[in-house]
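K.L.:
Chain residues, written in single-letter form:
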Amino acid sequence: MVNEKICIQNLSVRYGDVNILKDISTFFKENSITALIGSSGCGKSTLLRTINRLTDLDGNCAVEGKILLDKKDIFRDIGANELRKRVGMVFQKPNPFDMSIYDNIAFGPRIHGIKSKIDLDEIAENTLRSAALWDEVKDYLKKNALKLSGGQQQRLCIARALAVKPEVLLMDEATSALDPTSAAKIEEVMLELKQRCTIIAVTHSMAQAIRISDKTVFLANGMIIEEADTAKLFTSPQEAKTKQFIKSALG
Amino acid sequence: MKRYAVSALLYLAAAFAAAATLISFLAIIADIMIKGLPEISLKLFSPVYDGENFSMLPACINTVFMVAFVMALSLPAALFAAIYLSEYSESETICRLIKSAVQTLASLPSIIYGIFGYLCFTVRMKMGFSFISGALTMSLMVLPIMIVSTQSALASVSNQIREGGCALGATKAIVALKLLVPAAKRGIISGAILSAGKVVGETAALIYTLGSSAEMISGLFSSGRTIAVHIYAMCCEGLYVDRAYAASAVIIIIVVVINALANFAALKSREERW
Ligand SMILES: Nc1ncnc2c1ncn2[C@@H]1O[C@H](COP(=O)(O)OP(=O)(O)OP(=O)(O)O)[C@@H](O)[C@H]1O
Ligand SMILES: [Mg+2]
Numbered sequence: 001m002v003n004e005k006i007c008i009q010n011l012s013v014r015y016g017d018v019n020i021l022k023d024i025s026t027f028f029k030e031n032s033i034t035a036l037i038g039s040s041g042c043g044k045s046t047l048l049r050t051i052n053r054l055t056d057l058d059g060n061c062a063v064e065g066k067i068l069l070d071k072k073d074i075f076r077d078i079g080a081n082e083l084r085k086r087v088g089m090v091f092q093k094p095n096p097f098d099m100s101i102y103d104n105i106a107f108g109p110r111i112h113g114i115k116s117k118i119d120l121d122e123i124a125e126n127t128l129r130s131a132a133l134w135d136e137v138k139d140y141l142k143k144n145a146l147k148l149s150g151g152q153q154q155r156l157c158i159a160r161a162l163a164v165k166p167e168v169l170l171m172d173e174a175t176s177a178l179d180p181t182s183a184a185k186i187e188e189v190m191l192e193l194k195q196r197c198t199i200i201a202v203t204h205s206m207a208q209a210i211r212i213s214d215k216t217v218f219l220a221n222g223m224i225i226e227e228a229d230t231a232k233l234f235t236s237p238q239e240a241k242t243k244q245f246i247k248s249a250l251g
Numbered sequence: 001m002k003r004y005a006v007s008a009l010l011y012l013a014a015a016f017a018a019a020a021t022l023i024s025f026l027a028i029i030a031d032i033m034i035k036g037l038p039e040i041s042l043k044l045f046s047p048v049y050d051g052e053n054f055s056m057l058p059a060c061i062n063t064v065f066m067v068a069f070v071m072a073l074s075l076p077a078a079l080f081a082a083i084y085l086s087e088y089s090e091s092e093t094i095c096r097l098i099k100s101a102v103q104t105l106a107s108l109p110s111i112i113y114g115i116f117g118y119l120c121f122t123v124r125m126k127m128g129f130s131f132i133s134g135a136l137t138m139s140l141m142v143l144p145i146m147i148v149s150t151q152s153a154l155a156s157v158s159n160q161i162r163e164g165g166c167a168l169g170a171t172k173a174i175v176a177l178k179l180l181v182p183a184a185k186r187g188i189i190s191g192a193i194l195s196a197g198k199v200v201g202e203t204a205a206l207i208y209t210l211g212s213s214a215e216m217i218s219g220l221f222s223s224g225r226t227i228a229v230h231i232y233a234m235c236c237e238g239l240y241v242d243r244a245y246a247a248s249a250v251i252i253i254i255v256v257v258i259n260a261l262a263n264f265a266a267l268k269s270r271e272e273r274w
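Sequence lines, in order, name chains A and B. Counting from 1, position 125 in the first sequence corresponds to residue 125 in our numbering; the numbering is continuous, with no gaps. Counting from 1, position 216 in the second sequence corresponds to residue 216 in our numbering; the numbering is continuous, with no gaps.
Don't take each hint at face value.
With a cut-off of at most 30 angstroms between alpha-carbon atoms, the simulated DSSO-like pairs for lysine-lysine come out as follows [to be verified]:
{"no.": "1", "chain 1": "A", "residue 1": "Lys142", "chain 2": "B", "residue 2": "Lys172"}
{"no.": "2", "chain 1": "B", "residue 1": "Lys178", "chain 2": "A", "residue 2": "Lys93"}
{"no.": "3", "chain 1": "B", "residue 1": "Lys172", "chain 2": "A", "residue 2": "Lys93"}
{"no.": "4", "chain 1": "A", "residue 1": "Lys115", "chain 2": "B", "residue 2": "Lys172"}
{"no.": "5", "chain 1": "A", "residue 1": "Lys194", "chain 2": "A", "residue 2": "Lys232"}
{"no.": "6", "chain 1": "A", "residue 1": "Lys93", "chain 2": "B", "residue 2": "Lys185"}
{"no.": "7", "chain 1": "A", "residue 1": "Lys142", "chain 2": "B", "residue 2": "Lys178"}
{"no.": "8", "chain 1": "B", "residue 1": "Lys172", "chain 2": "A", "residue 2": "Lys143"}
{"no.": "9", "chain 1": "B", "residue 1": "Lys178", "chain 2": "A", "residue 2": "Lys115"}
{"no.": "10", "chain 1": "A", "residue 1": "Lys117", "chain 2": "B", "residue 2": "Lys178"}
{"no.": "11", "chain 1": "A", "residue 1": "Lys138", "chain 2": "B", "residue 2": "Lys178"}
Derived from the structure by calculation, the hints contain no laboratory data.
Modelling step: build the complete structure from the supplied sequences, incorporating the hints.
P.N.:
If you want it as C-alpha cells, here you go:
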C-alpha cells in the first residue's frame with residue numbers, strides 16, 4: 001500500500017468572494033516528486049500555500065475542507081509553526097535574508113532551539129552539500145547572502161529550508177527565475193532529496209515535469225482536471241483539456 | 001514653441017527654488033558661524049556656570065544626556081508600537097484610527113507638549129522642574145514621529161522576507177524582531193536622527209518642564225537647561241546676543257556630528273555585510 005504523506009480532501013479556498021480552489025481532493029505519496037501544472041492563475045501557488053498554511057497570513061483568505069499530514073489534520077491537530085517546520089517551502093524568487101550565508105542556514109535551526117556551534121556547523125555543511133552549493137561557498141560562509149548570484153541564492157534557500165529537516169518540500173517554480181545550468185543543478189538536487197522528502201513542485205516547464213516528477217497533477221480554473229503518473233499523463237492524457245494544455249505548452 | 005517656453009519656464013522656476021533654498025541655508029550657517037565662532041572661547045566651556053563666564057558646557061552636557069535618555073525611552077516604545085501597527089493589528093479601522101491620531105500628534109506645536117508636560121509631570125506628578133519631567137515630555141513629543149517613521153520603514157520591507165521567515169516556522173515575533181527590524185534599520189535610524197534633532201532644538205516644551213537652571217544636572221530630579229534653552233535665555237536677556245551666537249555655532253556643530261555619527265553607523269552596518 002502506498003504511503004500517503006499528504007492527503008487533501010474536498011479543499012476549497014476563497015480570496016474574498018472569489019473561489020480560487022474548488023473542491024480539490026488528491027494525495028501526495030511519500031518520497032516522490034509530484035508536479036503541479038496548469039495555466040497562469042489556475043491556483044497552483046494557492047494550493048501550495050494552503051499546504052503550509054501561508055494562506056493564514058492573508059486575513060482575506062478562507063479555507064474549507066481538510067488537509068492531512070501523516071493522517072493528522074493540519075488545521076486542527078498541528079500548530080501552524082510546527083506545520084511549517086515540517087513542510088518547508090522554496091519560493092519562485094530567491095529570498096535569502098540580509099545576513100551571512102551561514103546565518104541564513106542557521107536561522108531555522110536557531111529558532112527551533114539548536115544553539116550549539118558544532119551542531120549548526122554540521123547542519124550548514126550538510127544542507128549546503130545537499131543543495132549543491134558547498135563547494136562554491138565553503139570559504140565564504142560569512143559573506144552576505146545577497147551577494148550570491150540568483151542561482152546560488154535559490155540553492156541557498158533550498159539549503160535553508162532543509163536545515164529544519166522538513167518532511168515535505170513545496171517548491172513554487174523554484175527554477176523559473178534561473179539560467180538553464182542553475183536550473184539543471186536544482187533539478188539534480190530535487191532528485192537527490194526525494195530520498196528523504198516528499199516534494200511537491202509547481203512548474204511551467206513540461207520538460208521539467210517529465211524529467212523529474214513521478215506524478216503530475218493538472219489544474220485548470222481551480223479544479224483538478226486530471227492526475228496520473230507523469231509518463232502516462234504526458235503520453236496518453238484522458239481529458240480533452242489536458243491534451244490541449246500539454247499540446248500548447250510543449251508548443 | 002509654446003511647449004518649449006513652458007518647459008524652459010518650469011526649469012527656471014525649479015532652478016530658482018533650488019538656488020534660493022541653498023542660498024538661504026548657506027546664509028544662515030555663514031551668519032551664525034561668522035558671528036559665533038570668534039565668540040567661542042575657553043571661558044565658555046568652564047566646568048561651572050557663573051554670571052561672568054556664561055559657560056555653556058553644562059548646557060552641552062545636559063543636551064547630550066537629554067538626547068540619550070529620550071532615545072532610550074522612546075526608541076523601544078516606538079519600535080514595539082510600530083511592530084504592533086504594521087504586523088499585528090488585525091482591524092484595519094483601528095489601525096487607521098491610531099495612525100491618524102499619531103500623525104495629528106506629530107504635527108502639534110511643541111508648546112502644547114510643554115503645557116501638558118508642565119501640568120502633568122511638573123505639577124500633578126510633583127516632579128517639579130526636573131530632568132525627568134523634561135525627558136518624559138520630550139519622549140511624548142518625539143514618539144509619534146518615531147512611530148510613523150518606524151512603521152513605514154517596516155511596512156516597506158518586502159513580503160517575501162515575511163513569508164520566508166514564516167515558512168521556516170518562525171513566530172510573528174521572531175519574524176518581526178530578527179528579520180523585519182534589521183531590514184528596516186536604515187529607515188528606523190533616520191527617524192531616530194530626526195527625533196534627536198528635535199530634542200536638541202527644542203525650547204518651548206522644555207522651559208516649563210526641565211526649567212532653565214544654568215547648572216549641570218545632578219540627577220533625575222534636578223533642573224537644568226539644554227543648549228537651545230540656553231540660547232533662548234541669552235537672547236531673552238537681550239544683553240548676551242554674542243554668546244547666543246557662540247552657542248548657536250556649537251549647536252550646529254553638535255547636530256552635524258550627530259548626523260555624521262548616525263550616517264557612519266548606518267554605513268558601517270552595511271559594510272559588515274561585505
Ligand atoms: N493574496 C491574494 N488575494 C486575492 N487574490 C489572490 C491572492 N493570491 C492569489 N489570488 C488570486 O488567486 C488566483 C490564483 O492565483 P495563484 O497565484 O494560485 O495562481 P498560479 O496558478 O500560481 O499562477 P502562476 O502560474 O501565474 O503563478 C489568481 O486569480 C489570483 O488573482
Ligand atoms: Mg504561482
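K.L.:
Evaluate each hint against the coordinates.
P.N.:
Taking the hints in turn, this is what the structure says about them:
| no. | hint | result |
| --- | --- | --- |
| 1 | Lys142(A) - Lys172(B) | 26 angstroms, holds |
| 2 | Lys178(B) - Lys93(A) | 21 angstroms, holds |
| 3 | Lys172(B) - Lys93(A) | 22 angstroms, holds |
| 4 | Lys115(A) - Lys172(B) | 20 angstroms, holds |
| 5 | Lys194(A) - Lys232(A) | 20 angstroms, holds |
| 6 | Lys93(A) - Lys185(B) | 23 angstroms, holds |
| 7 | Lys142(A) - Lys178(B) | 18 angstroms, holds |
| 8 | Lys172(B) - Lys143(A) | 27 angstroms, holds |
| 9 | Lys178(B) - Lys115(A) | 16 angstroms, holds |
| 10 | Lys117(A) - Lys178(B) | 19 angstroms, holds |
| 11 | Lys138(A) - Lys178(B) | 25 angstroms, holds |
Violation of the numbered hints given earlier is absent; every hint is satisfied by the structure.
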